[in-house]
Every structure is written in structure tokens, then in C-alpha cells.
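Number of protein chains: 2
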Amino acid sequence: MNEIITARGSLLIAGVTIDGATVDIAVDEKGTIAAIGKDAKKTIDADIVIDGSDRIAVPGLVNTHTHAAMSLLRGYADDMILQDWLSQKIWPLEAHLTGDDVYAGTRFACLEMIKSGTVAFNDMYFFMDRAAAAVDDMGMRATLAYGFIDLGMEEKREAEIKATETLVAHVRSLDNPRIRVAVGPHSVYTVSPEGLRWCAEYAAEQEIGIHVHLSETEKEVVDCVARFGKRPAYLLDDCGCLTPRTVAAHCCWLDEAECRLLAERGVTASHNPASNMKLAVNRAMPYHWLKAAGANVSLGTDGCSSNNNLDLMEEMKFAALLQKFAWNSPTLLPAGEAIEMATAAGARALGTGPGTLTVGAPADIVLLDARAVCNTPLFHADSNAVYACNGGAVMTVLCQGRVLMHEREVPGEEEIVREAAAAARSLVDRAQDSS
Amino acid sequence: MNEIITARGSLLIAGVTIDGATVDIAVDEKGTIAAIGKDAKKTIDADIVIDGSDRIAVPGLVNTHTHAAMSLLRGYADDMILQDWLSQKIWPLEAHLTGDDVYAGTRFACLEMIKSGTVAFNDMYFFMDRAAAAVDDMGMRATLAYGFIDLGMEEKREAEIKATETLVAHVRSLDNPRIRVAVGPHSVYTVSPEGLRWCAEYAAEQEIGIHVHLSETEKEVVDCVARFGKRPAYLLDDCGCLTPRTVAAHCCWLDEAECRLLAERGVTASHNPASNMKLAVNRAMPYHWLKAAGANVSLGTDGCSSNNNLDLMEEMKFAALLQKFAWNSPTLLPAGEAIEMATAAGARALGTGPGTLTVGAPADIVLLDARAVCNTPLFHADSNAVYACNGGAVMTVLCQGRVLMHEREVPGEEEIVREAAAAARSLVDRAQDSS
Chain A
1 MNEIITARGS
11 LLIAGVTIDG
21 ATVDIAVDEK
31 GTIAAIGKDA
41 KKTIDADIVI
51 DGSDRIAVPG
61 LVNTHTHAAM
71 SLLRGYADDM
81 ILQDWLSQKI
91 WPLEAHLTGD
101 DVYAGTRFAC
111 LEMIKSGTVA
121 FNDMYFFMDR
131 AAAAVDDMGM
141 RATLAYGFID
151 LGMEEKREAE
161 IKATETLVAH
171 VRSLDNPRIR
181 VAVGPHSVYT
191 VSPEGLRWCA
201 EYAAEQEIGI
211 HVHLSETEKE
221 VVDCVARFGK
231 RPAYLLDDCG
241 CLTPRTVAAH
251 CCWLDEAECR
261 LLAERGVTAS
271 HNPASNMKLA
281 VNRAMPYHWL
291 KAAGANVSLG
301 TDGCSSNNNL
311 DLMEEMKFAA
321 LLQKFAWNSP
331 TLLPAGEAIE
341 MATAAGARAL
351 GTGPGTLTVG
361 APADIVLLDA
371 RAVCNTPLFH
381 ADSNAVYACN
391 GGAVMTVLCQ
401 GRVLMHEREV
411 PGEEEIVREA
421 AAAARSLVDR
431 AQDSS
Chain B
1 MNEIITARGS
11 LLIAGVTIDG
21 ATVDIAVDEK
31 GTIAAIGKDA
41 KKTIDADIVI
51 DGSDRIAVPG
61 LVNTHTHAAM
71 SLLRGYADDM
81 ILQDWLSQKI
91 WPLEAHLTGD
101 DVYAGTRFAC
111 LEMIKSGTVA
121 FNDMYFFMDR
131 AAAAVDDMGM
141 RATLAYGFID
151 LGMEEKREAE
161 IKATETLVAH
171 VRSLDNPRIR
181 VAVGPHSVYT
191 VSPEGLRWCA
201 EYAAEQEIGI
211 HVHLSETEKE
221 VVDCVARFGK
231 RPAYLLDDCG
241 CLTPRTVAAH
251 CCWLDEAECR
261 LLAERGVTAS
271 HNPASNMKLA
281 VNRAMPYHWL
291 KAAGANVSLG
301 TDGCSSNNNL
311 DLMEEMKFAA
321 LLQKFAWNSP
331 TLLPAGEAIE
341 MATAAGARAL
351 GTGPGTLTVG
361 APADIVLLDA
371 RAVCNTPLFH
381 ADSNAVYACN
391 GGAVMTVLCQ
401 GRVLMHEREV
411 PGEEEIVREA
421 AAAARSLVDR
431 AQDSS
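The listed protein sequences correspond, in order, to chains A and B.
Quick note on numbering: UniProt numbering labels position 35 of the first sequence as 35, and the sequence is numbered without any gaps.
Quick note on numbering: UniProt numbering labels position 286 of the second sequence as 286, and the sequence is numbered without any gaps.
In case anyone wonders, no lab produced these hints; they're calculated from the structure.
Computed from a predicted structure; not experimentally measured.
Keep in mind that a hint or two might mislead.
[What the hints assert, rightly or not] Just the calculated beta-carbon pair ranges, DEER-fashion:
no.	chain 1	residue 1	chain 2	residue 2	range
1	A	H288	B	T356	42 to 50 Å
2	A	A7	B	N328	48 to 56 Å
3	B	A169	A	T356	56 to 64 Å
Where a beta carbon is used, it is the ideal one built from N, C-alpha and C, also for glycine.
Let the hints inform the model, and build the full structure from the sequences given.
Here it is, written out as C-alpha cells:
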């Protein structure tokens, strides 16, 4: 294995390109960026030196909406009507999921995210204690939420409350600054107002985040209005779920007033363009309204079964192109804003720092190959990163100063892939045996 | 260099996966698939053996609409209104293009296409004799058209006719079965009916293809109706340009009758989803109408300045997702049809064989990494290829039985990238000096 991956200590990235200039980046033992510039090397006595020539440094990417362990369901079923896909394919398989599956699937998802430049993610699923173990092993950051679904049933709600409290206690007990916990009320169509209210109060009391699906489909909006007399964002707001600690995924069918409401409450809207296109939700997130209102808009891949990958570099292209196409404006969401979405906006959402390459920020750093085909010619690095490259251009990934990948090598990759394949096969076998 | 790349002769791909079965593929000295199956190895005494374990074989991809040398303009200007982008950025730069630039840019484009699994492409640009030299050097197949633009001026038309005739004579003189020539009337808004008629007659006389842009924007349709009293497809038909040898790019704004007309004439419609989204053309190709009419629908990346890459694996995902989103149907353009678009439909369009892995077909073969993250788990290879993978999963590429890439190694890659970067820099410098 490359010794740069196994070494620990302070670190210097020498002669790397940032915004067209060649600089050094010094990272101290705590994993904080200590200096950036031509003289940065003088500020530390680096234990590790990474050659930054032919490399472009960008902040580590942040995936603000996924269901990581669903990597095991990649390609299991596609090209179906949403309801058939869920009821005939996804749910019957998920009924057989074990904690071991979630560990294998989350570890595999972390591998995929690291290989495409992601350092932190916002996750919602089940067996999240095992997801935490996987994140810990892989050295990434994550905010983990148990998917809270009460379907309006009090008994189920009590069980979900317990599951949520158990996860929060577990993650707190880990005392790992890279791993955070959030409350995960699934959506207004799967959680009762009572459940939503409990989630909001508990999140406030615990000072933790809220991770929720919002206005993914038109049906969600229509049903919500029919049932509660108000649109989903207003229902969430009534229940106290719209806070600066809230990440609302999808947000396709928000109207303009709801966009203003999200901005006023400090909510982050997570754009998930590939999933929205694949599932044909028939409307792209109104980014222009959210932007005009000053909302924080971040980027997410959604789970592997509705994307079908976790490559946030690719997702930036889908975001920038979908916004242009859906809202009929070739100038909407230019490359620089797409990168901001995938970095700083995500970091703000998850509270993992500024999400920029600045002194004092956590050293969450991605090095892209400046000699890659997709980076040639190199007129505008932002344009190439968004429109031409995918995760394959990512060469090195640092999270809090620790090297998770170097020259595309991630420790244990073969074993992680093999175990994910075995877990997926076993899951399908068990589901078929029982049917 | 890997000896499998330099070796010449008959070839065996041993133990490779096709449609879930493990088989051998035997390729004879002429580059034709001689046998496929468990006993294929017995049919030839192979000079070269490629280990197919952990590899999935698919037909080589065919890119049916691009402007290859525009790889030099990748990322030069983005996120602009189409007319500003062309008049302020692209055209001023193109005015300084030389034959050497086109050679460097096309060779670089070939490298990018090979690295993402493309074996053949349909090109339209200038200095196409130099493009032919690049294609020859790189071992790919291409159909080359000079972009014919008369703007209604007779003098210009005469010059375009001469340029077209010169290119046709040049390509014929090469006598290279991998390199074909076509007539390239740019579009109904840049070529007069007289010019279109000449193109159609000359193509018929020479028995060569026609490569044209069709109904990319609403403005094109509106202007055509105002000027000629008919929609673009009907104007092209009146001029004789709709033939089984015709590839019409974009086709976003076709109405249902035009889709039937294209099908009746045997025209191939080339879908270019990423370009259409990036330039915000406001309507996706009506694939459902073309499919219902029985038209041949293929896939293309368009040029690098409006995509911004030539990765047809990525383009399959854009096609499958854009169709679902734009026409509000999660079942439209399933994975298998996206692969058909990128392989067999393209091969039919360019006359390069069936575009399938079948005995007697040219050995245009791509080997994908079955152990890649994007191919794990491997429930459905088609789904993974379209929705999860990009060109990075392509390990080996054969064109007419010749190995163009093996284990991601392409001969001369570093030099080709370096020369493209230098050519792009020099082009911009010359343009700036003259402004």
C-alpha cells in the first residue's frame, strides 16, 4: 500500500493548483489547514509530503442526501413505475435486510464516495449503528438518521421514537467528531403531524439535525393539501421541522412562497437531480426561486437504487444541466455555483466547516488530475470539474487531514467490493427463499 | 507497452461474460468475429489471448453526432446564451483554427472516445482531411463530413461544393475501410434549398451518407415555417435529404408527423441529450414518437464545447434519464434500449455492421470491468452500464479485431494529451493576438 495512506501526522501538499495559482497547503496534526501559499511549507515540519504537481485542489465534496446501504440494491430493479418499483421490488428485499448487510453496504458506499471525491454524507436508513461502524472504518464524515416512519399509527410511532433515541445515544457514545446523528422524519406522507412534532422537539432538545424528504412528487403536494389543507413545507413548519439544522431532500414541487419560507427558516434544500429524472418526478427543484430567496442549496445523489451511483462529480453535471433544461435558461446554475452546491453549501448544511480551502478549515481536500483527458485543455477548472469530468478524475482524498485515497488507491478496496457483492447476493437469495 | 496492444493476428477473448453467460470469443485475422461460445477457442489458433475473466463484453459504442476537433475548446466558454456563446466565443476562436489544430484535436477526441468505449463516430467539421489522418492513426472508424454552410450565397455555395468534393475525393483515395465520408449540409437555417438539393444529389450519386442538424431549437422550426412555409423535416425532404443514409442530429422539436416521415425515409435520428440540456433547447427529442414510428434512433455526444465530454457511457445515462424526465414516464427508454441506441442503432446508421456481438460481425468489442464499483452488485449488466458506470469502467477496446486499448492503456496517450493542450493554448493565443 502507498505509504502516504498509512502515515499519520502533519502534511504538506506541495505545488498544487488552486484557482489557477500554484501553492502549498500545510495541514497540522489535528487535520486543520494551517497555511496556504508559496511559503506554507515553512509553517510546519511536515511528516508527509504529497506532490501536488499536475493536481488541482478543490474542497472535499459533501453528499447531503443518500441512503448509503442501498448500494447493495444497485441495478436490482429499474425502469418501473415508482409505486410498483417500491412495492414489488425494493420493500420485499429491504424486509430481509440485516445489520450486517447495512454494514457491508455502507462501507461499500463509502468506498464509492471516496473514489469520487466525497468526504461527508447525510444518510437516512435502518440499522444505523452498523452504518456508523462502517463510516468509522472508512474515515469519512457522516450525519446518520434513522428513517422515522409512523404511518399515523401510535404504536409504530412509539417504536420509531425508541429507535431514534437509541441511535442518538449510540452515536453520542462513539464520541467521534466525524460521526454525527440527526432525526430522520421520512416525509409528510409517511409521518403523522404528531410524529413530526416529536422529531422537531427532540432534535431541538438534542441540538441535532433533521433530515427529511420534501415535495419530491406532485402527488405528495396534492395529497398533503387534501389531507391537511396546506402544502408540505407549511405542514413541516407548523410541526417545527424547518430549522437551520434541517436538510430537506428533493424539493422539486416547492412553490415560490415555500422557497422563501425555507430560506427564512435557514433550511438547506438538497438537490437530487439524477434521482428526480430517473423517477420522472416531472419538475426540477426551482433553484432560481431558492437562490433568489437566499436559501442554502446543496447536492445529493439519493440512494443507489434510484440514481444508480454515488458519484457527486457526475451529480454536479446533472444538476447544472437539469436546471438549464427544466427552467429553460442556459445561464442558470453555472459551473461555479454547482461546485459551491457540492462543497460549501453541503458543509454548511452538515456543520462540517466552511467547505472551502481556507486557513483554519478542516483539511477536507480533493486532488483532481490536471492531466486527465477531462481536464485538457484547462481553460476553466470549474467548468471541467462540472461538465467534463466524473469521479474518475479524483486522485487523492483527505478528510480532516487523513489520506483516505491516494493515487486512486483505497485500503481494502477489493475486499470491500467482494463483501458487498456477497451481501447483495445473499440478500436476494433470502428474499427469494421466503417468497 | 502491453504486448496485447502491439500484437497483430487472430485473437481469443477467453472466459468473458456476455448476457450473464461465460463464453469465449474468437476473432479471425481479418478482424471478424469467427465464433462465440464455450468451444469458440477450437475454431482458431489464436495469436493473441485476452483474459476475459472479470470482464463483461458489449458491442463497441458508436457516437453518431460530434465535432471531434472541438475537444480543443472544452471549457473555453460555458453557461452563456447560445447566440452570445457562438458569436463572442466559439466563432472568433474557430476563425483561427488550422489543419494542425484539427489533427491534434481529432486525435485527442479519438483518445477520449476509445477510453470510454467508442469505436466509431460520425463527425462534422473543417479541415477534415486532417481529421481523417487522426482517425487513421488512432485505429477507429469514422464517417467524416465537411460542414457545408452557404448562408444562401451562391459564391459561398460554390466554395462549399468544391470543399465537399475535395474531401470526398481525398477520403476515397485513402482506401481505408475504417474511414468513410459523408456530405454535411449543416442545417436548414445555414444552407439554402439549392445547397441542400446539391448535397442530396451528390450524396446519392456518390452513394455516401448525409449528416445534418435537424430541429435542435424551437427558433429553427419557427423561422423555417416563416421562411419556407413548412417545418424543417419537410424542407429537408423536399430537397431530397431524408434517406436511409441520413443521420439527423438533435431532432428535439420534431412533431409527430415529422417523426413518421423520418421513419418512412429510413433516416437515423441521433439523440444528443447532454448538449440539448446544456444549451437549454427546452424540449427533449420525442423518442416515444420516433420509436412508435419505427425510426432508427442512435446516440451522440455533440462536440466537447457543448457537452463537455465525449463519454458515450455517460451519454446513455443522460438519454435514459432525460427521456423519463422530459416526457414524464419512468418506463421510457429503459437500459436495454439505451444500449441499443449507443451500439446497434449507431452501427446501422454508419453502416459499420450489425453493432452486435454475433458471428460474422466486425470485432468491435468493449470489455467492461465486472469487478468495478459501478458493476457491483451485478444484478443486471445493462442497468449498471447505463445508470451506474461511466467510461471509466471500459478496460479493453477492439475495433475490427485490433486492440486500441487494453487495461486502460492507449499507445501514446501522454503525448496526445500534451499536444492537444499545446494546440488549444496556441489557438487562444493567436485569437487574442489578432483581436
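Right, here's what the structure says about each hint:
no.: 1; hint: A:H288 x B:T356: 42 to 50 Å; in the structure: holds (45 Å)
no.: 2; hint: A:A7 x B:N328: 48 to 56 Å; in the structure: holds (53 Å)
no.: 3; hint: B:A169 x A:T356: 56 to 64 Å; in the structure: holds (58 Å)
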